[in-house]
Every structure is written in structure tokens, then in C-alpha cells.
Amino acid sequence: MRKIITGAALAVLATACSANTAGTATPASGGTVVPGKGSTAVGFIFVGPKDDYGYNQAAYQGSQEVAKAFPNLKVITAENVPEDDNAARVMNSMIAKGAKIVFATSYGHLDAALKVAAEHPDVVVVQQGNLITGSAPPNAGTFFGTVYEPVYLAGIAAGRATKTGKLGYVYAFPISQTIDNIDAFELGARSVNPSVKTYAVNTSSWCDPAKQAEAAANLLKQGVDVITQHQDCTATVIKATEAAGAMTVGYHADASAIAPKGWLTGSQWNWGPLYSDIVRTALGGTFTGSKYNGNFRVGYKTGDNPFVQSPYGPLVDDKTRRLIEAAKDTLKSGSPFAGPVRDQEGKVRIPDGTTPDYETIEKIDYFVEGVVGSLPKS
Amino acid sequence: MLIVDVLTGGVRGGTAIMFAALGETLAERAGVVNLGTEGCMLVGALGGYAVAAETGNPWLGLLAGALAGALLGLVHAVAVVWRRADQFATGLTLMFLGLGLTSLFGAAYVGKAAPGFDPVPLPVLGDIPVIGEILFRHDPVTYLTFVAAPLLWFALNRTKAGLLVRTAGERADVLHVHGYSPGLIRTVAVTAGAALAGLGGAQLSTAYAHAWFEGMTAGRGFIAVALVIFAAWRPLWVVAGSYLFGAALAVAPALQARGQSLNQFALDALPFVITLVILAVLGRRTLRAAPEELRRVFAR
Chain L
1 MRKIITGAAL AVLATACSAN TAGTATPASG GTVVPGKGST AVGFIFVGPK DDYGYNQAAY
61 QGSQEVAKAF PNLKVITAEN VPEDDNAARV MNSMIAKGAK IVFATSYGHL DAALKVAAEH
121 PDVVVVQQGN LITGSAPPNA GTFFGTVYEP VYLAGIAAGR ATKTGKLGYV YAFPISQTID
181 NIDAFELGAR SVNPSVKTYA VNTSSWCDPA KQAEAAANLL KQGVDVITQH QDCTATVIKA
241 TEAAGAMTVG YHADASAIAP KGWLTGSQWN WGPLYSDIVR TALGGTFTGS KYNGNFRVGY
301 KTGDNPFVQS PYGPLVDDKT RRLIEAAKDT LKSGSPFAGP VRDQEGKVRI PDGTTPDYET
361 IEKIDYFVEG VVGSLPKS
Chain P
379 MLIVDVLTGG VRGGTAIMFA ALGETLAERA GVVNLGTEGC MLVGALGGYA VAAETGNPWL
439 GLLAGALAGA LLGLVHAVAV VWRRADQFAT GLTLMFLGLG LTSLFGAAYV GKAAPGFDPV
499 PLPVLGDIPV IGEILFRHDP VTYLTFVAAP LLWFALNRTK AGLLVRTAGE RADVLHVHGY
559 SPGLIRTVAV TAGAALAGLG GAQLSTAYAH AWFEGMTAGR GFIAVALVIF AAWRPLWVVA
619 GSYLFGAALA VAPALQARGQ SLNQFALDAL PFVITLVILA VLGRRTLRAA PEELRRVFAR
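For the protein sequence lines, the chains are L and P, in the order given.
Numbering follows my numbering, in which position 165 of the first sequence is assigned residue number 165; successive positions increment by one, without gaps.
For my numbering, add 378 to where a residue sits in the second sequence, where the first one is 1.
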């Protein structure tokens with residue numbers, strides 16, 4: 001219902017602004033268009049609320065860091081922007097307010113982002129997390145971190161810490177990003193503890209605390225002693241794990257405050273530096289042809305991964321820290337999915353000596369050897 | 379053992395539903411249906427969590443949850459009993475009111491830490507094999523239902539207050555003759571019932587999930603209303619029904635934690651399928667067990 005109301009409000013807003021946007025769509029002179037250059041504002045759209053303690057909050061914080069880094073730029077943000085044509089309307093209204101750089105931060109915002117990019121050749125439109133198929137228009141691109149890399153490192157901490165050899169993974173839906181995470185977690189753990197298993201339980205919801213509670217209780221009952229998750233709200237699983245005296249690997253945020261004893265490490269977002277660099281590139285007029293003008297994926301190989309490791313908890317010993325640092329160095333030239341990678345049936349899916357590229361990894365649709373459980377069938 | 383885990387999960391997850399269903403039993407025995415039970419659970423879940431977070435005392439949270447539920451229930455009672463509003467329409471409106479209010483005021487408590495209830499195994503009883511694990515290693519709020527259900531049964535069937543409630547549900551006119559106000563009795567029953575629903579919501583947020591999130595009751599209030607019907611308005615059958623539903627919810631995670639291959643979507647639908655099947659099988663037979671005054675509401 002909220003979506004309908006937002007939609008209606010946006011429609012009104014868009015009608016009010018459409019007279020303005022029509023004027024800015026075409027470049028003033030017939031000469032070359034430099035997208036993003038001379039922008040006085042930056043727009044950010046988010047699919048959820050800016051205080052969800054997860055994905056959207058992290059993106060919002062990134063936008064606020066852009067505001068700090070560029071005091072002369074007006075930063076315009078919009079929350080709860082649905083993943084449909086309304087997103088294009090909101091972006092257009094931001095462009096009408098002077099934004100020539102727009103960030104569409106949700107996976108499903110891509111279609112709208114490309115539409116806006118086509119209508120406004122003078123505006124840089126970047127989308128967070130999705131992939132443009134084929135070649136990108138000169139003023140558009142996608143970007144994302146390699147989420148699974150810090151998850152792989154956290155897997156090392158989990159593999160070292162477990163006493164039962166059983167790790168638990170509470171996830172929402174079997175989307176490729178999540179499958180990558182579960183696989184990378186197990187691969188990291190196996191790299192230091194070859195017999196370790198990861199038990200995967202899904203909740204069919206990004207946030208259903210009651211289902212999470214039941215999932216955590218059952219994993220703990222099975223003897224799992226390290227639990228991690230891919231959920232939008234994470235407190236329920238962490239508290240249940242801590243109460244049972246088991247260990248936690250975090251996701252999205254540093255939650256060591258609610259797991260002072262069992263917190264190992266985790267992964268969290270830090271979008272500020274990457275957002276700022278994209279803005280800097282666009283303002284400087286060098287966006288077209290830059291690394292951001294395409295499907296940009298950043299990991300330890302390329303520098304500042306926006307997905308970083310959370311601080312360590314008290315149970316992570318020095319040897320584990322050294323192993324993780326060493327693995328981080330390996331990732332600078334390798335990948336958690338460097339072959340050989342076998343699936344649950346033992347079949348080699350990534351051959352020995354092969355280091356898959358980001359796009360291949362983002363299309364993995366199987367659990368690796370050592371993951372217990374199967375992907376939900378429909 | 380799988381069956382033990384599923385039954386343990388049934389008690390763990392069925393408790394919130396049981397509170398709400400016991401409350402709804404009380405209301406319906408007095409002749410009023412409260413479809414807003416879901417809303418009462420939601421305000422209870424938020425109220426309980428918020429007060430626990432602010433005061434640091436989960437017991438105060440529990441009390442606040444019950445109060446929040448009661449307040450929403452009172453609105454229902456006033457509209458339905460005193461203003462003669464349609465029970466179903468009012469109840470549904472109340473559900474949406476609860477959903478709206480809690481998503482508005484609950485935003486500040488999403489992700490916020492609050493003290494809650496952790497499992498406390500009961501001495502001796504908790505050590506009994508199988509039974510101890512299923513029943514006696516839970517949080518203190520779960521133990522409250524062990525008392526609340528028999529108490530409600532006793533109150534309804536063996537006390538004068540219970541007789542008055544039942545009479546309000548069966549032959550309201552008789553109350554008039556004897557100088558009682560059926561309206562007042564119904565108001566008290568609906569409000570107290572909603573307080574129990576609020577308590578169930580608070581159990582969900584402070585003892586089961588240890589978190590607040592908008593819409594976190596996820597239909598448990600409606601299941602509670604359906605459950606009262608197939609439990610034929612008897613508190614002790616409500617207990618069995620709640621655990622059955624809780625167990626149905628626990629099957630999927632229990633199987634998955636063992637790495638069992640299964641059809642996730644079918645399992646997620648299981649609790650609702652069970653409810654539908656039972657309601658359909660019992661059919662009109664349940665209506666015969668219905669309080670007389672309630673039958674007028676249902677069999678229109």
C-alpha cells in the first residue's frame with residue numbers, strides 16, 4: 001500500500017517537474033557533450049528507508065560522505081523509490097534541480113537508470129549492483145564491490161574457530177549474490193579446515209525475525225557453532241547465537257556490540273570513497289571511457305573494495321589474523337573461486353588453474369562441496 | 379531427533395499464537411469476533427519491545443505489550459458493542475490501524491537493542507528426556523501459557539465471571555433480566571482478550587525473535603482467529619492447535635538444518651494448508667459449537 005501512495009506522490013511530483021526537465025535534456029550547444037561536468041548537485045535514490053540498518057542505510061551514509069567531500073555540491077536523496085518507472089521520474093526531478101550525476105542504488109533500478117541516461121546525454125547515471133548487457137552508453141555504468149571476498153576471509157575466521165566443524169548460514173533467497181556468499185564462506189573455511197561443513201537454511205524473506213529465530217535454533221541444535229547470515233535485519237540471529245554461547249560472523253554492519261563474546265568478524269559496506277571517486281571523475285569531465293563507464297567491479301584486486309571486513313572479536317587469535325592477511329594478499333591477484341572448485345556432487349565446475357572473472361562468479365548457481373542443504377526448488 | 383526438534387519448535391513458535399488465540403477465545407465466548415487480533419499483536423510486539431528497550435526491563439515490556447493490545451481492543455469493543463459497528467469491518471480496520479501505527483512509530487526501534495527473555499530450563503522438569511526438551515527449556519513467557527490456558531478454562535467454566543461471559547455469548551437477554559449489562563461484559567472480555575494478543579506479540583518480539591520489525595507477526599493473528607474456530611472455542615484445544623501450527627512452522631528449518639532436500643515453497647505454505655483443511659473438514663460442525671450470539675454473526 002505504501003508503494004501505491006509513494007507512486008501517486010511521485011507521479012504528481014514528476015508532472016510538476018516535467019516542464020523543467022524537458023529543457024535540460026538536450027545540450028545547450030551543438031558541440032560535444034561532457035556528461036556530469038559542471039554539475040551543481042548529485043542525486044541518490046534508494047529502494048528502502050535510509051535507516052534500515054542494512055543495505056540502504058549504508059548507501060545513504062555513502063551519499064552523506066559525498067556531501068562532506070564536496071561541500072559545494074547539493075546532495076539530493078530519495079528513499080523508498082520503487083524499482084519501476086517511478087525511479088525514472090524521481091531521477092528526472094533530481095536532474096531538474098541541477099543534478100548531472102545520479103546514483104541509482106538498487107539492483108532493480110537499472111532499467112530506469114538506462115532510460116534516464118538515454119534521455120539525458122549530459123547526465124552521468126550510475127547503478128549499483130546490476131550488470132549492463134552489451135556496451136554501456138557513454139554516460140552510464142554500473143558498479144559494485146565483490147561482496148564475497150570479505151565473506152571468504154570471514155570464512156577463514158569461522159573455519160579456524162569452529163570446534164564442531166559445523167557452520168551455519170541463514171539466508172533469504174537463492175539469488176546469485178547470496179549463493180556466491182555462501183560458497184565463498186565455505187571455501188574460506190575449507191581453506192584452513194578441510195572437513196568443515198556449512199549448513200544453509202533459508203527464510204524466504206529479507207526480514208522475518210520469527211523465521212530467523214527458528215532457523216538459528218535449529219542450526220544450533222544440530223551442533224553448528226558459528227552462524228552467519230544474508231538478511232536485511234540481522235539482530236535476531238546474532239542474539240540467539242550469542243545466547244547459546246556460539247560464535248557470530250556479521251553481515252552488513254558491525255554488530256559486535258550485541259555479541260561481545262562470540263563475535264568473530266564480518267563484512268560491512270563503506271561506499272563513501274567509491275561514490276566520491278565516481279563523482280570526482282564525472283565532475284572532471286572524464287567519465288566517458290573511464291573504468292566507471294561500464295560494469296565496474298572492485299575487489300582486493302583493483303583497490304578499494306566498498307565491502308570491507310568488520311573489526312575482529314576477542315576469539316580470533318593471532319594465527320588466524322595472519323592467515324586472513326595472507327589470504328587478502330592472495331586475493332589481490334586471485335579469487336576465492338580460483339579453481340579447482342567442485343560442486344556438492346564433487347563435479348569440477350571451475351577447473352584447476354582457472355581464475356574466473358567477476359561476471360562468471362556473479363552467475364554461479366550451485367553450492368560448492370562442503371555446503372549442506374540444497375537450493376529451494378519451486 | 380527430527381520429531382523432537384519439530385515439537386520443540388512448535389512450543390517455541392506456537393506460544394505467541396496461543397496467547398492471541400486464548401484472548402480471542404475469551405472475546406468470542408462473550409459473542410464478539412476480533413479480526414483485529416493481528417493488529418493487537420503488532421502493537422503488543424512494538425509496545426513490548428520499545429518499553430523493554432527504554433526501561434531495560436523486559437517484564438515492564440511485557441506489561442506494556444498487554445496494555446497496548448488492550449487499548450486497541452477497547453477501540454474495537456467501543457465500536458462494535460456500543461456503536462453497533464460491523465464486527466468484521468471494524469476488526470479489519472483495526473488490523474490496518476495496528477500495522478500503520480507500528481510501522482510509523484516502530485521505525486526508531488528497528489535494529490535497536492533491547493533486553494529480552496532467554497531460555498531458562500526448569501529444574502528437574504527440564505531434565506526429563508524428550509518431554510523436558512520439548513516443554514521445559516523455554517523462556518519464562520512460554521511458561522506463562524502453561525498457567526494461562528488452564529486458568530482461562532477454569533475461569534470460563536467454573537467461576538461466576540466465566541458464566542457471565544458465556545451467557546453474554548449465548549443468551550445476552552438473560553443477562554438483562556438479571557440486571558447485568560451484556561455490553562459491559564463484552565467490553566471487558568474483548569479488552570482482556572486483546573491484552574492477551576498484545577502479550578503474544580510482546581512474547582514474539584522480546585522472547586522469540588529478540589527484535590522488532592514492521593509486520594513481524596506475519597499473519598499469526600489471523601491464524602489465531604481461525605484456530606479458535608477449529609478448537610471449537612475451548613481453551614485446551616486452543617493449546618493443541620497452537621502447538622500444531624507452531625510445529626508446522628518449525629518443519630522447514632528443522633529439515634533444512636539437517637540438509638534435507640525439500641520443496642521450500644510447499645513447506646512455507648504448510649501451516650496455512652493445515653488450517654484450511656481443518657476448517658473445511660470441520661465445516662458446519664464447528665458452527666454448532668459456536669456461542670449462540672456469535673452464530674448470528676457468522677451465519678448471516
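Treat the hints as calculated values from the structure; they're not laboratory data.
Note that the structure is a prediction, hence the values are computed from the model and not measured.
One or more hints might be untrue.
Stated by the list, open to error - Derived EDC-like pairs (lysine to aspartate or glutamate); straight-line CA-CA distance at most 16 Å:
no., chain 1, residue 1, chain 2, residue 2
1, L, K291, L, D277
2, L, K301, L, D254
3, L, K221, P, D464
4, P, K490, L, E369
5, L, K115, L, E79
6, L, K261, L, D304
7, L, K166, L, D357
8, P, K490, L, D254
9, L, K328, L, D304
Quick rundown of the hints versus the structure:
no., hint, verdict
1, K291(L) with D277(L), "11 Å, holds"
2, K301(L) with D254(L), "24 Å, violated"
3, K221(L) with D464(P), "47 Å, violated"
4, K490(P) with E369(L), "37 Å, violated"
5, K115(L) with E79(L), "20 Å, violated"
6, K261(L) with D304(L), "30 Å, violated"
7, K166(L) with D357(L), "30 Å, violated"
8, K490(P) with D254(L), "13 Å, holds"
9, K328(L) with D304(L), "13 Å, holds"
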